[in-house]
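Engineer: Residues per chain, in single letters:
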Amino acid sequence: MELIVGIDLGTTNSVVSFTETDRDEPEIQLFEIPQLTSAKSVEDRPALPSFLYLPPEAELGKEGLPLPWAKKRDYAVGTYAQSRGAEVPDRVVTSAKSWLSHSATDRTAAILPWGSPDDVAKLSPVEVTARYLTHIREAWDAAHPQARLADQEVLVTVPASFDEVARELTLRAAREAGLPEITLLEEPQAAFYAWIDTVGEEWREQVEVGDRILVCDVGGGTTDLSLIAVGESDGSLELERVAVGDHILLGGDNMDLALAYRVSARIAEDGTKLDAWQFRGLIQSCRDAKEKLLDDEASTDSVAVSILGRGRKLVGGTLRFDITRADLDEALLNGFFPTVALADELVEHQRAGLQELGLPYAADAAVTRHIAHFLRRQASDAGAMPTAMLFNGGVMSTSTLRSRTLDIVASWGNPVRNLEGGDPHYAVARGAAYYGLARRGRGVRIRGGTAHSFYIGIETAMPAVPGMRPPIKALCVVPQGLEEGSDVALPAREFGLAVGQPVEFRFLSSSTRRDDEVGLVLDDWDDDEIEELAPMTTTLDWKGHEGSTVPIHLEARVNELGVLELWCVSRDDDQRWKLELNVRAEKS
Amino acid sequence: MKTSSGRGALISTLLIFGFVLAAANATGLSLLIEHLENPDFTLVGAGFTSKIANAVSEISGRFPGYFALFFIAPIALFALAAFFVGLRRESTPATAIEETAPAAPSGDRLAPALQLLGLLQQEGRLIDFVEEEIDGYSDDQVGAAARTIHSGCRKALHERMQISRLNDAEDGASVEIASDYDPNLVRLTGNVHGEPPFRGTLEHGGWRVSALKLPELTGGDPSIIAPAEVEIP
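The listed protein sequences correspond, in order, to chains A and B.
Residue 0 is where the first sequence starts when you use numbering that gives the first Met the number 0, and the numbers rise one by one after that.
Residue 0 is where the second sequence starts when you use numbering that gives the first Met the number 0, and the numbers rise one by one after that.
Here chain B stands alone, though its shape is the one from the complex (with noise of 0.2 Å):
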């Protein structure tokens, strides 16, 4: 993650320096046809922006194609740079998922994603569960195993997040939905006609998540949510 971030901005820096060079070959040309056409022009004063912007209209004016090559050739040469650049960064991961098959997901975005998994499976087997076919045990066994896999995912949740209902009524209660009710947290259904307020049965009260804190990772791959254990005899 590091070595991609590292790469973004060895990107932006290359298109920065294409544009600081096209700009600066700009300026220098502009100020050369100046001196040429005013020996006394001097790179002081108030004046010297709006003489820059009158010199180079004027420049452009007189060669546009000229001067258009001064600007343009840092850019598109930095440019090409930094697509190489861009293009590493895709391809190197690539040929990495391939040597290592399966492909693993990886990046900044989805590592809390795994690393919530991680702390199912570590702290409550879920991924035990829901890999293993269960067809063939009885009703008995799988409560029994659900019973440990139950508290084991609870505390895994709990110890790291508030999860409370958005509507704290009983389920089957009678609830009013106002007028101008948010439809994020109210999913309305069943015969849903005219206009709001509605008065309706509480089905399901809801979950919000408040207070997430995930553990701070301090390296690993949070893809390997559990790895393979080997008991030394």
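Just chain A, same shape as in the assembly (with noise of 0.2 Å):
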């Protein structure tokens, strides 16, 4: 028995998904994770929480933190960790997932839990990445124990504003999770995926050619845009992911803060002011709040929301108030679904919610407002606008947030139309293993390629002038939507290098520039257009001939599971050499 498996390794829960290949028809369900729900239990959940819990020593005792397959863990992922994160804050690492892809870091160095004092011993995001996975993989083996996850396919979703590096630290923290071949995929498409699968061959029905469908993913920690053009070939749809959005680290959880920080002022005014752990209740009632409020059938304007006391003083220190429709429409639509305008600017600098020091959170609360920069960027004539909205993630789960970010949409030119049908919490990794059965020709494919276009950056030859890194110009090398199992070469422009010594090419990439053809050479680009990733590096050993200098021209494949590599290949025999990311560079 073959099974395809699909992880939605998210910035706040993972989910995984499977499916068998050798039915008719394949059913896609949920692997139920289990996990520590307290120090001493396990239980199985539908979701795992991206968290990690760094216990001290004393507390570890003897037995430590075992889980049913492993008899002592000095270390606990999960809802154990996640509700530990909450008392313990310094101990607990949350958001590994938006640390991979912070470049202003160095991504493989141990720095997590942020900030949290020395005498907690402290990892790389990559190593909780791994981490996370090897929960995932030894909870699985010990289900499966005739089916090995290593010996499946299995599929990883990364967000499609995952920049090359976060995507091959994402292969790397597989791999330490002893999964060494997976495929990636981007979420929003595993989200469109998933809609296809669950509303089935009617799908067909549901969108005609020309459609350009926006994929909204507003998670708990990051939103996702992703653009899917519906066209046609030999008479039937064909779908193609024509744009990605930027990384947005806005999410659910901001909008739980948010309110609960209005609410806790108006408390504060009343002159009681909460306690952190009383502050953690009132977060909680808020989600639960939002929740009451925004529901369809909700008639009622307040919710009458408590805070219990701590300790044994349990009614006599319970703390009531309610939290009313004004509170939620101000914190929660205005602050993060305001009416704006396609042409309106991001705000920057402007803060909402609790902000945690390190990662660069979105300057801007406004969801709307990243769509109207998304859009502005990826679709500036009016026939590029979006025709439907497809929504995903666990704050999209309610209709008043979908069609009030709908109608904003659409205030922008063309009618938009919401493709129902969606599964908002799990959608991400149902949709990785429908892929897998795409891949085999089991369903239909978003044709995307690379969502990016990448350069090589050549040093312009200019006198050197003390304290001012010469200009660069950039050397397309490959292309926006080049498709897995493409290779592209140039052979046209050559390089001379010497063999024995390292190599590094300095190497960018861009979401917008998606007419750029391989091989065209720019020199000026706007800042926002075009972005310099880590180097490319690699030393060219080749015995005998050390010293000498090769003339290389440069090639380009993405392989069958999506990943980009780059070659320097010799022109004048077989030797070839590949350029790997230098991770550990610090962005200048």
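The hints are simulated quantities; they were obtained by calculation from the structure and are not laboratory data.
Heads up, some of the hints might be wrong.
As the list claims (entries may be wrong) - Take a look, some chain B residues computed to stay more than 10 Å from chain A by CB distance:
(1) 109
(2) 140
(3) 141
(4) 148
(5) 152
(6) 163
(7) 166
(8) 177
(9) 181
(10) 183
(11) 188
(12) 192
(13) 205
As the list claims (entries may be wrong) - Capping the alpha-carbon separation at 25 Å, the derived lysine to any residue pairs in SDA-like fashion look like this:
(14) B:154 <-> A:78
(15) A:272 <-> A:287
(16) B:154 <-> A:577
(17) A:577 <-> A:537
(18) B:154 <-> A:283
Stated by the list, open to error - Simulated coverage check for chain B against chain A, where a stretch passes if three residues somewhere in it have a Cβ under 8 Å from a Cβ of chain A:
(19) 118–127
(20) 196–203
Computed from a prediction, not measured in an experiment: that's the story for all the values here.
Quick reminder that beta carbons are idealized off the backbone N, C-alpha and C, glycines included.
Relying on the hints, combine the two individually framed chains into one complex.
Structural biologist: As structure tokens, then:
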């Protein structure tokens, strides 16, 4: 029995789905992940919260934190780690995935939990990700001893906005977790696949040629946008992912926090100051109240909320107050989903909610303004504006927010309809399993290829100026949309490289320059158009040729797993050297 | 719990050992007697068992007291050993309880019940609520707390079990009680006379728990339903 396993490695929750390949009508199921729900008990849950708890030595004792498949563990991931995170924040790693994509830090350095004192043994974002994947692999293997995870086809989703370094680091984490061969898939695409799987063959009735579908995925901690175009080929519908957005650190958790801050400020005016423990209770209450008030059938204009007293004075210490519709409108709708015009620029330096130091949280909390920004850059003419939207993520499960967002996007041009039928919580994992089937010809595939175009930086010859790096030209080596399993070579442009010495190429990418072709050289560009990534390096080892200079050209390849590879190919014989992303280097 | 089941196994082993030794004694004795009486006797053949039976009945008829002693002695010896082992099992936890008074209910049998209490406390603060004196508080204050306790306890239960009504009819509806009704499922009140079928008013739909799944325990003492919390400043 060979299985396809889809893993949604989320910022706040990870979900695992699977399907059998030898069935006529494969059904995609969720794998309930056993995990610690308290220090000494294990339960199956549909999601594994992406939290890592590193307890102090004294707390571990002789028993440690055992799992059914591991006698002794000195750390915990999942529900228990999440609940300890509220109590011992210094010892819990959160949002490791956002750190994985944070290009301003060394992502392989032991920096997490961020900002915690020195007595906590720290881990790198890659190691933390590897621990989540290790837990998933071990839990899976314990439940399926005959079908170990490493022997199955495993697909892991990443945000469409992940740059090549973050994708490479995700692969590395998977290797460290004992999953050497995984395929990466972009989350908004996965959400769209899940929608196709849910509505079945009828999906062809719900879209038509010329449709442009904006996938809006608002998770717990990130917002991810993608545009998918519906075309036609040989009389049948064809899907192509034509644009992806930037990495936006803004999600449902920010909204709960914003509401909690608003309510706590009002309580403070009445003379009651909440301590940290009570504030955590308030966040939870706000989340529940938000869901109640956003519920379509909700007719109430306020929800009574109480925070229990701590310790034995439970009733005596209880605080009681109301969260009103006005609170919700102000904190949530106006704060995160304001009515904006397409031309509205993102607001800089306006901060909403709690800011964790270190991560580049979105300065503008307005999801709708981020959508406008994305569309302005990716769909400049009106004909390219979206005609339909697919929503994903827990926040968007309420139809109030969906219809509000739809109305705002529709006000910018075309009428926009909603693609109903998605499953906002588990769609990404399910879609990953569907993609595994599609790769075997048992479903529709979205054409997409590389989300970005890539450039090698060539330093221009100019007199050295102290304190200034020589400006570079950008040579396009990979066009946007290069598909899996295809190669491009640049034989026309030769470089002379010294054997036996490390070689470094500066490496750049763009999510907006869709029409750049291979070989194009750019002298000048806007800063928000092209972004410099970590450099690509290799050392040309060639026995017997040390000290000589070899003429090479560059060759790019996107392998079957969707991973970009760059090669230096010798002009005169078959020698090749792979360029690797130097992820350790800090961005200048 | 592991140690008590280990002791149980030891007791059983001792008792079985006693019986085996007693049987071996009896067989050996009978063979000896057989051999004395009939030197050509071999230990092979289908008649072996019946010969033993014959010999045993013969011997026991001839020397009843002597034979019985051989048979009973090992059983008695090992039963005594088993008794002492059992005694130790009873006494060890008893002293432990005295040391760590107040007494903690323990054992496999009670673990799931304690676990459930633990969940209701951790997620719904039920024990804190029950253990607090609430007479001095206003209804508003108690009501405010109850709202949160209610949602916590409900979540704790619903996540681990399915609770469904036995009778789906609305409260107050007229329902028929069949002649072969199961008294475990229906409790009749009021003027219960004559033979069923009956017709009556549904006062309570009843509850049934189906699909209960408690967390798997990986260690710890289930009687600690909530550890003390200490905040380090």
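Engineer: If a hint holds in the structure, say so; if it does not, say that too.
Structural biologist: Quick rundown of the hints versus the structure:
Under the 10 Å C-beta cut-off, the non-interface status given to residue 109 of chain B relative to chain A holds; the minimum distance is some 16 Å. Not every C-beta of chain A lies more than 10 Å from that of residue 140 of chain B, the closest at about 6 Å, which undercuts listing it as non-interface. With a least CB separation of 6 Å from chain A, residue 141 of chain B falls inside the 10 Å interface cut-off, contrary to its annotation. Distance to chain A contradicts residue 148 of chain B as a non-interface residue, since its nearest Cβ pair spans about 7 Å, not more than 10 Å.
No beta-carbon of chain A comes within 10 Å of the beta-carbon of residue 152 of chain B; the shortest separation is about 12 Å. Every CB of chain A lies more than 10 Å from the CB of residue 163 of chain B, the least distance being 21 Å, so the non-interface label holds. For residue 166 of chain B, the condition that its CB be more than 10 Å from all CB atoms of chain A holds, with the nearest at approximately 27 Å. Every C-beta of chain A lies more than 10 Å from that of residue 177 of chain B, the closest at about 38 Å, which supports listing it as non-interface.
Look at residue 181 of chain B: its CB is around 33 Å from the nearest CB on chain A, clear of 10 Å, so calling it non-interface holds up. Every beta carbon of chain A lies more than 10 Å from that of residue 183 of chain B, the smallest distance being close to 31 Å; the non-interface claim holds. Remark: the non-interface label on residue 188 of chain B is consistent with the geometry, its nearest Cβ contact in chain A lying 34 Å away (cut-off 10 Å). Every C-beta of chain A lies more than 10 Å from that of residue 192 of chain B, the closest at about 47 Å, which supports listing it as non-interface.
With a closest Cβ-Cβ approach of about 28 Å to chain A, residue 205 of chain B is found to remain outside the 10 Å limit, as its non-interface label requires. About 15 Å separates the Cα atoms of residue 154 of chain B and residue 78 of chain A, which keeps this hinted pair within 25 Å; it holds. A hinted pair counts as satisfied when its Cα atoms are at most 25 Å apart, and residue 272 of chain A with residue 287 of chain A qualifies at roughly 21 Å. Of the pairs offered as hints, the one joining residue 154 of chain B and residue 577 of chain A is violated, with about 54 Å between alpha carbons and a cut-off of 25 Å exceeded.
The hinted pair formed by residue 577 of chain A and residue 537 of chain A meets the criterion: a straight-line CA distance of about 7 Å does not exceed 25 Å. Between the alpha carbons of residue 154 of chain B and residue 283 of chain A the distance comes to roughly 13 Å, so the proposed pair stays at or under 25 Å and holds. Closer than 8 Å: that is the beta-carbon criterion, and the stretch 118–127 of chain B has 3 residues meeting it against chain A, so the requirement of 3 holds. Only when three residues or more bring their CB closer than 8 Å to a CB of chain A does the claim for the stretch 196–203 of chain B stand; here the count is 0, and the claim is violated.
Hint violations for this structure: numbers 2, 3, 4, 16 and 20, all remaining hints satisfied.
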